[in-house]
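Participant: Now for the letters of each chain:
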Amino acid sequence: MNILVLLKMVPDVVEDIEVAADGKSLDPDSLRLIPSESDEHALEEALILKERHAAKVTAIALDCEGADDALFTALAKGADRAVKIAGGATGLATRAGAARVARALSAGQGLQPMDLVLTGTQAIDDLEGLTAPLLAHRLGWPYLGIVTQVVVDPASARSTVTKEYPGGCHGEFDVPLPAVLGVQAAEKPPRYVPVAKVRAAMKSLKIETVVPPEEDEPAPLDILQMAKPQAAGHAEMLDGAPEEVAGKLVEILAGHGLL
Amino acid sequence: MPDPSLSMYLGVPGYVVLWLLALVAFGLFGRRTFYLVRVLLRGRPEVRWEEPVRRVMLVVKNVLGQRRLLNEPVIGAAHFLIFWAFVFYATSFFWNLIRGLVPALPIPYSDQVGFMALGLEMFGWLALISLIVAGIRRYVFTPERLELSRDASIILVLIATLLVTFLLGDGARAAVEPRPNPWTPVGNLLGPLFFRGVSEAGAQSLYLWMWWVHMATVLGFLAYLPSSKHLHLLASPFGVLFGSLQPGAMPASSAGAARLEDFTWRQLLSGLSCAECGRCDRACPAFNSGMALSPKMLIHHVKELVVDAVPALLPVALPAPARIPELGATMANGGTVTPQGKAFVGDVITREELWGCTTCASCMDRCPVFNEHIPLIVEMRRYLVSQGDIESRVQDTLTNLTRYGNSFGQSPRGRTKWTQGLEFKIKDARKEPVEYLWFVGDYASYDPRLAEISRTTARVFHKAGLDFGILYEGEQNSGNDVRRIGEEGLFEVLRDKNLQALGKARFDTIVTTDPHSYHVLRNEYPSNGNGHGPRVLHYTELLDRLVKDGCLALRRSVHATVTYHDPCYLGRYNGVYGAPRRLIGSLGVSLVEMPRNRSTAYCCGAGGGRIWMEDAPGLKERPSESRVREAAAQPGVQTLVVACPKDLVMFQDAIKTTGLEKQLSVADVIELVAEAAAPAN
Amino acid sequence: MSASIWVLVEQWRGQVSEITYEVLALGRELADGLGVPLQAVLLGHNAKALADSLGKANSVLYADHPALVEPTPEACTIALAQLLGERQPEALLIPLTNVTLGIGSLVSAAVGVPVINFCKQVSVVSGGLQAQCVLYGGKIEAVVKAKQKPALFGIWPGARTPDQGRATSAPQVETVGVAFPRDPCVRLKRYVEPEAGDVDVTKQNVLVSVGRGIQSRDNLELAEELAETLGGAVCGSRPVIDQGWLPLTRQIGKSGLTVKPKLYLAAGISGAPEHVEGIKGADLIVAINSDPRAPIFDVAHYGVVGDALDVLPALTEAVRARKG
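Those protein sequences? They're chains A, B and C, same order as listed.
Residue 83 in our numbering sits at position 83 of the first sequence; the count goes up by one each step and never skips.
Residue 677 in our numbering sits at position 677 of the second sequence; the count goes up by one each step and never skips.
Residue 108 in our numbering sits at position 108 of the third sequence; the count goes up by one each step and never skips.
By construction, these hints were calculated from the structure, which means they are not laboratory data.
Glycine included, every Cβ here is placed at the ideal spot set by N, Cα and C.
Be a bit skeptical, because a hint or two may be false.
No more than 27 Å apart at the CA atoms, straight line, and that leaves these computed lysine-lysine pairs for DSSO-like [to be verified]:
id: 1; chain 1: A; residue 1: 203; chain 2: B; residue 2: 61
id: 2; chain 1: B; residue 1: 656; chain 2: C; residue 2: 189
id: 3; chain 1: C; residue 1: 280; chain 2: A; residue 2: 248
id: 4; chain 1: A; residue 1: 50; chain 2: B; residue 2: 342
id: 5; chain 1: C; residue 1: 323; chain 2: A; residue 2: 24
id: 6; chain 1: A; residue 1: 206; chain 2: B; residue 2: 497
id: 7; chain 1: A; residue 1: 188; chain 2: C; residue 2: 189
id: 8; chain 1: A; residue 1: 24; chain 2: A; residue 2: 206
id: 9; chain 1: A; residue 1: 50; chain 2: A; residue 2: 248
id: 10; chain 1: A; residue 1: 50; chain 2: A; residue 2: 228
id: 11; chain 1: C; residue 1: 120; chain 2: C; residue 2: 145
id: 12; chain 1: C; residue 1: 323; chain 2: B; residue 2: 662
id: 13; chain 1: A; residue 1: 24; chain 2: C; residue 2: 147
id: 14; chain 1: A; residue 1: 248; chain 2: C; residue 2: 149
id: 15; chain 1: A; residue 1: 248; chain 2: C; residue 2: 323
id: 16; chain 1: C; residue 1: 262; chain 2: C; residue 2: 189
id: 17; chain 1: A; residue 1: 228; chain 2: C; residue 2: 139
id: 18; chain 1: C; residue 1: 48; chain 2: C; residue 2: 189
id: 19; chain 1: B; residue 1: 656; chain 2: A; residue 2: 248
id: 20; chain 1: A; residue 1: 228; chain 2: C; residue 2: 145
id: 21; chain 1: A; residue 1: 188; chain 2: B; residue 2: 342
id: 22; chain 1: A; residue 1: 228; chain 2: C; residue 2: 189
id: 23; chain 1: B; residue 1: 463; chain 2: A; residue 2: 248
id: 24; chain 1: A; residue 1: 248; chain 2: C; residue 2: 147
id: 25; chain 1: B; residue 1: 497; chain 2: B; residue 2: 463
id: 26; chain 1: C; residue 1: 189; chain 2: A; residue 2: 24
id: 27; chain 1: C; residue 1: 323; chain 2: A; residue 2: 228
id: 28; chain 1: C; residue 1: 145; chain 2: A; residue 2: 24
id: 29; chain 1: B; residue 1: 425; chain 2: B; residue 2: 463
id: 30; chain 1: C; residue 1: 262; chain 2: A; residue 2: 24
id: 31; chain 1: C; residue 1: 48; chain 2: A; residue 2: 228
id: 32; chain 1: A; residue 1: 228; chain 2: B; residue 2: 417
Restraint-style ranges between C-beta atoms, simulated for each label pair [as the list claims (entries may be wrong)]:
id: 33; chain 1: C; residue 1: 168; chain 2: A; residue 2: 107; range: 51 to 61 Å
id: 34; chain 1: B; residue 1: 503; chain 2: A; residue 2: 30; range: 24 to 34 Å
id: 35; chain 1: B; residue 1: 409; chain 2: C; residue 2: 65; range: 45 to 55 Å
id: 36; chain 1: C; residue 1: 168; chain 2: B; residue 2: 661; range: 57 to 67 Å
Some chain A residues flagged as far from chain B (calculated, every beta-carbon gap over 10 Å) [stated by the list, open to error]:
id: 37; residue: 83
id: 38; residue: 193
id: 39; residue: 195
id: 40; residue: 237
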């Protein structure tokens, strides 16, 4: 079984993100790029499936700053191949990104046949749609998102996929393979790989590059402005030591008839 | 007295019997020892023979001088006497053996030589009394963590037998000797008393019997030794000789240890050197809190690992090695029982045990045979980390450290937020030369509870006219706890980034407020060619100097009764006990010492990465809680003074959870210094 | 081309969700602003009765087909693609929930129209529609316009209040046909309910909610004591449930429950949008967090910057003292 994991590099929100001088984009110097959190879960789910079915896992990412790190880390965690797609990242233009991945996959660049594509359900910069369904459509494969478990029956090329619903409810779906799944959380938290293993991967393993045929992707959105949000309201802050604050809160609660 | 070697026994001369006995005993001893050494050599190589003179001195002080045993004075003195008696008797034994095996040698038996006879007598009686003391301690006033093992009883009986047989033989001889031997005064006194009316023939017979029982006992013990805990007699002098010359050092970079071959020979030797005395357990904060870790059991498992690898002699042969009863291992007929299919790391030694260690080094500090508990634990932790087998909080912390260079998961740009509120700007050591480069550390930089203390420190430095700067965002976590958790690769990354920043900066001395960073900067960052890391001072050392030189004027006395907690990485690891005390003393406070102070200070429980871990199950009392109770119990003490940011945080929490808020508060030394340095009005 | 604003009705297991009404309210404003009718698009099977509550719209387009009995993204996409192809509205507003996630992108790809995600607000500007989108976990807001019509807008919960989207009268219902040339590939087998908990947090008046800031499972008891003193229950944000410290039935947020208690006390919760959408209806929100810039303080009525592990026990004490 061949599994593809699509990793996307997104800005780390631990840092303060700054808007560029043009007021419509982000200041790249203020950004630290890390793999999207749900993509890490997608990779973990892929590795779990690899352990179960002796599958081959290929990690793939659009070329950008930090992509090499993420791909070597994937290799260190157990991925069998790492592939970079030339042409640069597409940021908020998710359509263009998904299209490029689809072209890379279908242009017979050694990435066939794929039985399953896993990627995160949603990234924090998916303004223009979600990668998983966009990619699924391009490939003509079924899609399901907010996935928390994938059980595969390789013989019948079918899978039972668990999806999250509100209120803690889950739905079990029958999904034929090949398919594109948007992973919300893997069955187990993403595994830790020690730095030494990643460095060893950097020394001894290679990242392949594929160059997909270029096509003009229309840019259907106009970003007029980007800014830091002005909070509509803000809490009334209570100061003091815990005992003082507790006293003030008790008054407030009493005032609301809660005591 | 007749010559035992030439006397006839059932038509066979004595020396033939002796040869037979000796061959069997030495054969068994030699075989097992040979195999044990072979097992040790299956371990990884490690260089432990540099600085031979220094090593020999260590053996002289610690083996011959029994130094660490004397930390517990009563048993220390007893053991000292027993040890020297044993050495003396062993010497006498070999002397007699050689003479007995080769009767043609023109030398007397040892007890026929004046000073030897006297020595045997003196040591004999002193050792006998010491044995009684040891016996009472072991069986009546049993210390904690001392198991009443069969082996221990055997050695006490054995040594007693040796002494008694000599003394009886000595007495019998003195009873019938025509002229009293001036070299055996006690024998001369007691002999005739006990053996009054014994005929010459009777005395001779008794003498011979005692001689043979004595020799047979020693030969028997020799054969038994390498299968018992008394292997430590053989192994521990080598353990000390090949001990670590830098006791706090981490083992060389490795992938971690899961099997016998992954450990170094010296780490494996720790198992054989162990006498199971329990001093490490008595000192261990994890063990005393009710956690799973017992340093003694850990070493014992290593011993088993080595011993189990020795091929059994016969299907039914030697008595199986004595086991600590609670191990509950059934002893099959002969040989050892190998745990089938059990992983050494994980099943035999559990994860809870390995993660419970705070790396405080009390165990290694107390161990009389220089066993290396912490390197063993770190090697096994390295293995677990390589498997990703770590709890999720630790995982998150390591990811944060990899990404952001700090354990708080905050942006590196936030490292100097604490400086907001200062009336002056601290120099940027990346951009301009400074005399003192202040390495602040993660906790002092990012923990909101410590921000004011960091500012106070800056103000005191400023007031003292110090030319100092910080690395701002260039500073990374020093990597101490990362290394001790077993993430060696991440440690190297952090270290290299720090070295890069330090390499570009121009400074004279590093000063740090964090003992964990202090230890690593001083000892584990490579030298710049002068054999040590960069020159590093703890801020208490620096302030002590500033006060002495008058650069920091203390204008008022701080009236308080305080006690001081020695941080593990400042005190036990680096021997800095005086400077903080002098500093505190110069403030006018009244300093009361806790019973566990200086090298016996009791760890707060944060080290070894434990501050990032969940509380262990089965916890009875946190180490920090034990410590604050100790502090509060000192007469008049209302303030516990610390010199480490993690200590401050741990003790503040402990005071809350023990309900001691009204009785005790925690203060960093700098707070008292600032108070003393404030203008008097 | 029928100029109108469409709102996709999110219906799941026989109920119209609250967020649908929020989006209807928004849709009503946009439709009025552009002077076009508002139409609610209801997809389902034997679900016509659900249309009764959608009176805020001028009419309801109801597509009935057995394949739509479960609103999977695939099935909804097939139906919507046809409807959009036939009727070409100005825009389609899609409420963003776990049920509908993916529909916007699939339709956008199938029909070739733009989709704008993460909208917290859509407004009429110069005769066209402009969206305000919340990106990067809430750290950046972008103003975005689509260059084509129809455009799809994924609406984030909280754009309006549900009450603003309710109406007393039932709307006109137009039943439309949709064809499914083949069965959808992705098929629901069954639902798995979370294990019945002892407590239904949606019925509690007082909730003490904990997040990552509680640091460890042992500290839960601080929250439990306070909850007990106040006569409420403990719940948590996603990280706490993921760690296994609380069961799924106590999870608040996008993948959990939406609650409207009289008091919601958030301790050690940062206030990520996915959590906040579950508590917007609470009468009184009090937040405790050690980070003064935590987004929870933008939603809370009262805030305390401090360590939850200190404030919770102090508050428990104070409440006990007050209650006597």
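Participant: It remains to establish, for every hint, whether it holds in the given structure.
Facilitator: Against the structure, the hints:
1. A:203 / B:61: Violated, at about 48 Å.
2. B:656 / C:189: The given pair, whose Cα atoms are some 53 Å apart, is violated under the 27 Å limit.
3. C:280 / A:248: The given pair, whose Cα atoms are some 23 Å apart, holds under the 27 Å limit.
4. A:50 / B:342: holds (26 Å)
5. C:323 / A:24: violated (55 Å)
6. A:206 / B:497: Holds. Residue 206 of chain A to residue 497 of chain B sits at ~25 Å (cutoff 27 Å).
7. A:188 / C:189: Status holds; Cα separation ~23 Å.
8. A:24 / A:206: violated (37 Å)
9. A:50 / A:248: It is violated: about 56 Å lies between the C-alpha atoms, which goes past 27 Å.
10. A:50 / A:228: Distance of about 42 Å is beyond 27 Å: violated.
11. C:120 / C:145: Holds - the C-alpha atoms of residue 145 of chain C and residue 120 of chain C are around 14 Å apart, at most 27 Å.
12. C:323 / B:662: Roughly 25 Å between the alpha carbons, so the hint for residue 323 of chain C and residue 662 of chain B holds.
13. A:24 / C:147: holds (16 Å)
14. A:248 / C:149: violated (54 Å)
15. A:248 / C:323: holds (15 Å)
16. C:262 / C:189: Given that 27 Å is the threshold and the Cα spacing comes to 38 Å, the pair is violated.
17. A:228 / C:139: Roughly 6 Å between the alpha carbons, so the hint for residue 228 of chain A and residue 139 of chain C holds.
18. C:48 / C:189: Given pair residue 48 of chain C, residue 189 of chain C holds - Cα atoms ~24 Å apart, limit 27 Å.
19. B:656 / A:248: The hint holds at about 22 Å.
20. A:228 / C:145: Since the Cα atoms of residue 228 of chain A and residue 145 of chain C sit roughly 18 Å apart, the hinted pair holds (cutoff 27 Å).
21. A:188 / B:342: holds (25 Å)
22. A:228 / C:189: Not satisfied, since the Cα-Cα distance of roughly 44 Å exceeds 27 Å.
23. B:463 / A:248: violated (39 Å)
24. A:248 / C:147: With a Cα-Cα distance of about 52 Å, the restraint between residue 248 of chain A and residue 147 of chain C is violated, given a limit of 27 Å.
25. B:497 / B:463: Answer violated: residue 497 of chain B to residue 463 of chain B is near 31 Å, above 27 Å.
26. C:189 / A:24: The hint is violated at about 45 Å.
27. C:323 / A:228: Violated - the C-alpha atoms of residue 228 of chain A and residue 323 of chain C are around 44 Å apart, more than 27 Å.
28. C:145 / A:24: holds (12 Å)
29. B:425 / B:463: Roughly 13 Å separates the two Cα atoms, so the pair holds.
30. C:262 / A:24: violated (41 Å)
31. C:48 / A:228: Violated, because 43 Å separates the two Cα atoms, which is more than 27 Å.
32. A:228 / B:417: Holds, at about 21 Å.
33. C:168 / A:107: 51 to 61 Å: Since the Cβ atoms of residue 168 of chain C and residue 107 of chain A sit about 58 Å apart, the hinted range of 51 to 61 Å holds.
34. B:503 / A:30: 24 to 34 Å: Holds - the Cβ-Cβ distance for residue 503 of chain B and residue 30 of chain A, about 27 Å, lies within 24 to 34 Å.
35. B:409 / C:65: 45 to 55 Å: Holds - the Cβ-Cβ distance for residue 409 of chain B and residue 65 of chain C, about 49 Å, lies within 45 to 55 Å.
36. C:168 / B:661: 57 to 67 Å: At 59 Å between Cβs, range holds.
37. 83: holds (24 Å)
38. 193: violated (6 Å)
39. 195: violated (3 Å)
40. 237: holds (15 Å)
Consistency with the previously given hints fails for numbers 1, 2, 5, 8, 9, 10, 14, 16, 22, 23, 24, 25, 26, 27, 30, 31, 38, 39, ordered from lowest to highest.
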